[in-house]
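Chemist: Below, each chain spelled out in residue letters.
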Amino acid sequence: MITFEPQFFTERNREIDDGTLRAIAREVRKDILKMTTNANSGHPGGSMSAADIIVTLYYYKMRHNPENPKWEKRDRFVLSKGHVCPALYSVLARTGYFPIEKLMEFRKLGGMLQGHPSMDTTPGIEISTGSLGHGIGAAVGMAIALKLDKSDSKVYCMVGDGEIQEGSVWEAAMSASHYNLDNLVVIVDNNNLQIDGPVDEVMSIYPTMEKWKAFGWHTIEINGHDFEEIKRALDEADNVKYKPTMILAKTVKGKGVSFMENRAEWHGKALSPEQLKEALKELGEL
Amino acid sequence: MEKVSLRDAYGDTLVELGKEDERIVVLDADLSGSTKTAKFAKAFPERFFNMGIAETNMMNVAAGLAASGKIPFVSTFAIFGTGRAWEAVRQSICYPKLNVKIVCTHGGITVGEDGASHQALEDVANMRNIPNMTVIVPADDVETKQVIRKVAYTDGPFYVRLTREKFPRIFDESYKFEIGKGHVLVEGEDVTIIANGVMTSFALLAAEMLEREGISAEVIHMPTVKPIDKELIVKSVSKTQAVVTAEEHSIIGGLGSAVAEVLVENCPVPMERLGTPDVFGLSGKGWELLHYFRLDENGIIEKVKKVLERKEK
Ligand SMILES: Cc1ncc(C[n+]2csc(CCOP(=O)(O)OP(=O)(O)O)c2C)c(N)n1
Ligand SMILES: [Mg+2]
Numbered sequence: 001m002i003t004f005e006p007q008f009f010t011e012r013n014r015e016i017d018d019g020t021l022r023a024i025a026r027e028v029r030k031d032i033l034k035m036t037t038n039a040n041s042g043h044p045g046g047s048m049s050a051a052d053i054i055v056t057l058y059y060y061k062m063r064h065n066p067e068n069p070k071w072e073k074r075d076r077f078v079l080s081k082g083h084v085c086p087a088l089y090s091v092l093a094r095t096g097y098f099p100i101e102k103l104m105e106f107r108k109l110g111g112m113l114q115g116h117p118s119m120d121t122t123p124g125i126e127i128s129t130g131s132l133g134h135g136i137g138a139a140v141g142m143a144i145a146l147k148l149d150k151s152d153s154k155v156y157c158m159v160g161d162g163e164i165q166e167g168s169v170w171e172a173a174m175s176a177s178h179y180n181l182d183n184l185v186v187i188v189d190n191n192n193l194q195i196d197g198p199v200d201e202v203m204s205i206y207p208t209m210e211k212w213k214a215f216g217w218h219t220i221e222i223n224g225h226d227f228e229e230i231k232r233a234l235d236e237a238d239n240v241k242y243k244p245t246m247i248l249a250k251t252v253k254g255k256g257v258s259f260m261e262n263r264a265e266w267h268g269k270a271l272s273p274e275q276l277k278e279a280l281k282e283l284g285e286l
Numbered sequence: 001m002e003k004v005s006l007r008d009a010y011g012d013t014l015v016e017l018g019k020e021d022e023r024i025v026v027l028d029a030d031l032s033g034s035t036k037t038a039k040f041a042k043a044f045p046e047r048f049f050n051m052g053i054a055e056t057n058m059m060n061v062a063a064g065l066a067a068s069g070k071i072p073f074v075s076t077f078a079i080f081g082t083g084r085a086w087e088a089v090r091q092s093i094c095y096p097k098l099n100v101k102i103v104c105t106h107g108g109i110t111v112g113e114d115g116a117s118h119q120a121l122e123d124v125a126n127m128r129n130i131p132n133m134t135v136i137v138p139a140d141d142v143e144t145k146q147v148i149r150k151v152a153y154t155d156g157p158f159y160v161r162l163t164r165e166k167f168p169r170i171f172d173e174s175y176k177f178e179i180g181k182g183h184v185l186v187e188g189e190d191v192t193i194i195a196n197g198v199m200t201s202f203a204l205l206a207a208e209m210l211e212r213e214g215i216s217a218e219v220i221h222m223p224t225v226k227p228i229d230k231e232l233i234v235k236s237v238s239k240t241q242a243v244v245t246a247e248e249h250s251i252i253g254g255l256g257s258a259v260a261e262v263l264v265e266n267c268p269v270p271m272e273r274l275g276t277p278d279v280f281g282l283s284g285k286g287w288e289l290l291h292y293f294r295l296d297e298n299g300i301i302e303k304v305k306k307v308l309e310r311k312e313k
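As given, the protein sequences belong to chains A and B, one line each in that order.
Quick note: the first sequence uses the working numbering, first residue 1, plus one each step.
Quick note: the second sequence uses the working numbering, first residue 1, plus one each step.
Note that these hints are calculated values from the structure, not bench results.
Check before you lean on any hint, since a few could be wrong.
Said to hold, decoys possible - Here are the simulated DMTMM-like pairs of lysine to aspartate or glutamate, each with C-alpha atoms no more than 25 Å apart in a straight line: (1) B:LYS166 with A:GLU265; (2) A:LYS250 with A:GLU210; (3) A:LYS241 with A:GLU11; (4) B:LYS166 with B:GLU16; (5) B:LYS285 with A:GLU101; (6) B:LYS70 with A:GLU201; (7) B:LYS285 with A:GLU228; (8) A:LYS108 with B:GLU189; (9) B:LYS150 with B:GLU189; (10) B:LYS42 with A:GLU201; (11) B:LYS285 with A:GLU210; (12) A:LYS250 with A:ASP235; (13) A:LYS108 with B:ASP296; (14) B:LYS285 with A:GLU265; (15) B:LYS226 with B:GLU178; (16) B:LYS70 with B:GLU2; (17) A:LYS269 with A:GLU27; (18) A:LYS30 with A:GLU236; (19) B:LYS285 with A:GLU274; (20) B:LYS230 with B:GLU189; (21) A:LYS269 with B:GLU16; (22) A:LYS108 with B:GLU288; (23) A:LYS231 with A:GLU210; (24) A:LYS269 with B:ASP8; (25) A:LYS269 with A:GLU210; (26) A:LYS147 with A:GLU236; (27) B:LYS42 with A:GLU265; (28) A:LYS108 with B:ASP278; (29) A:LYS102 with B:GLU288; (30) B:LYS239 with B:ASP278; (31) B:LYS285 with B:GLU2; (32) A:LYS30 with A:GLU101; (33) B:LYS145 with B:ASP12; (34) B:LYS42 with A:ASP200; (35) B:LYS226 with B:ASP296; (36) A:LYS269 with B:GLU288; (37) A:LYS30 with A:GLU229; (38) B:LYS176 with B:GLU231.
Okay, chain A solo, but in the shape it has when bound (with noise of 0.2 Å):
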């Protein structure tokens, strides 16, 4: 298991290469897949498409402290696509907010981790999400407050290329781009799947960067599963100025195991015991 002190996360851009976050990246997706086979329900697709851009996020580019979840000074990561919480909760287990064996209470009665993000119950959680298209509206608020309070904290968004079919998006993209939140990073998690099929073909969301450039927002495309591009897009949000970003990630639904990628069926639905062993056997598992 990859570990840090929780010293190494208090500053941003850490020295850390691609292959050590592909590794974490690989530890990330084969706790997912367990997670979800263990409450034999839960959100595995999604997840996997998002894990390699919020390992970026908390093992290179945030600043946070584990053993302080509240600490004054950190960056801010909202999961608006709450169902995506298993790579959450994965990342905030292995950087230390709460030992790993948790990860087996997710979705089960009286346990820490409930089925979409609850910040009543688990530390790291920024707000309670589940319910889309509000978190982004959240995160708008949370970037206005750290402006009043003069700080230079920032604040990340992931939302689903679904979730941004709820109007509720575009009324926080317009109130980000009103108040200048270059302190807010939304980054579009863009599988082009949601439940009943491709975002194209259900509802289309097209064309997507520029609807948020119209929106007033400084926008760059990436592929989302290439490390040195996430790095590189969290970096060139740093020095915009005036303007919040979005990042349109490119990603794959069920990014890692064969069977599962760019297939809807595995949007809401766990793994059975035997496809686990397979899938974990692609992972390098086993």
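Dock chain B with the ligands against chain A, hints included.
Modeler: Frame of chain A, contents of chain B with the ligands only:
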């Protein structure tokens, strides 16, 4: 009792209705597999509209379709249909009294593992408080089929609350659902138990167990929460002089509140409400959560004993 799926009954009935009547159109918000409107989508793709994850707009679009002579059925999870989209339902559907049928699945605590964000414990309250809205909470698949047929051909806005979890079948084909009518399933003398949804099956179990203890409970199934069957409540309570309500919903604003409103104005008697006690839900298995919140025969029996103590005083 055999456990049956209310949402499958909904999907199947939609397909039948689609065959009968060209005016039937169906809207969903990226949950058609779960709400079972996918069955209709497959049979009548040209009359099915996936509106994406945009529930508020879906309600407004349904209003426009109804204003143009269509009969829209609108489905999503109960919390999104009655919460996220509440004001569109109020302004665009109920105020103009439009012919829109909102049928939501995943009501109640039996949503299970998804947890508090997805467990609608206030959906009945949300819909009951809007003028012109009729609110129905069926108990099983037999009743669901009849409810869906009835609302399709009755003018005006409706909210029908269905669930993710399968529930025990309590009715056979002799059952006749009527809008606004409660049903006495067991006659009794000492206490009236009024329930709907899954709680009706627990009320039947509770009545059996109480009978063994010499307590005679009258069980009323009350699928229509609004307009509520005032006459039946007054008639039963005049006899028993004590009431327990049981619902898979918050005790605020749902069946318990509706019954209490009738009682205070007509025949105040001791009453106890069983439901979730003004709290959010949490993750767990559906049936596990029912027992956790005492939403079962034991919870009903506890309330009955409490209300009988108060009645004796
Ligand atoms: C307001 C709201 N409507 C519906 C849902 C049910 N739901 C959960 S995930 C999902 C699809 C999300 O698709 P996307 O945003 O693309 O997420 P990803 O592909 O990354 O999993 C839906 C409709 C919800 N959680 N919230
Ligand atoms: Mg997606």
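Chemist: Against each hint, give a clear statement of whether it holds in the structure.
Modeler: Hints, verified against the model:
no.	hint	verdict
1	B:LYS166 with A:GLU265	holds, 22 Å
2	A:LYS250 with A:GLU210	holds, 15 Å
3	A:LYS241 with A:GLU11	holds, 21 Å
4	B:LYS166 with B:GLU16	holds, 22 Å
5	B:LYS285 with A:GLU101	holds, 20 Å
6	B:LYS70 with A:GLU201	holds, 24 Å
7	B:LYS285 with A:GLU228	violated, 41 Å
8	A:LYS108 with B:GLU189	violated, 42 Å
9	B:LYS150 with B:GLU189	violated, 33 Å
10	B:LYS42 with A:GLU201	holds, 15 Å
11	B:LYS285 with A:GLU210	violated, 43 Å
12	A:LYS250 with A:ASP235	holds, 18 Å
13	A:LYS108 with B:ASP296	holds, 20 Å
14	B:LYS285 with A:GLU265	holds, 22 Å
15	B:LYS226 with B:GLU178	holds, 12 Å
16	B:LYS70 with B:GLU2	violated, 36 Å
17	A:LYS269 with A:GLU27	holds, 20 Å
18	A:LYS30 with A:GLU236	violated, 31 Å
19	B:LYS285 with A:GLU274	holds, 22 Å
20	B:LYS230 with B:GLU189	holds, 19 Å
21	A:LYS269 with B:GLU16	violated, 29 Å
22	A:LYS108 with B:GLU288	holds, 10 Å
23	A:LYS231 with A:GLU210	holds, 23 Å
24	A:LYS269 with B:ASP8	holds, 19 Å
25	A:LYS269 with A:GLU210	violated, 33 Å
26	A:LYS147 with A:GLU236	holds, 20 Å
27	B:LYS42 with A:GLU265	holds, 17 Å
28	A:LYS108 with B:ASP278	holds, 22 Å
29	A:LYS102 with B:GLU288	holds, 20 Å
30	B:LYS239 with B:ASP278	violated, 31 Å
31	B:LYS285 with B:GLU2	holds, 19 Å
32	A:LYS30 with A:GLU101	holds, 14 Å
33	B:LYS145 with B:ASP12	holds, 8 Å
34	B:LYS42 with A:ASP200	holds, 19 Å
35	B:LYS226 with B:ASP296	holds, 24 Å
36	A:LYS269 with B:GLU288	holds, 20 Å
37	A:LYS30 with A:GLU229	holds, 23 Å
38	B:LYS176 with B:GLU231	holds, 18 Å
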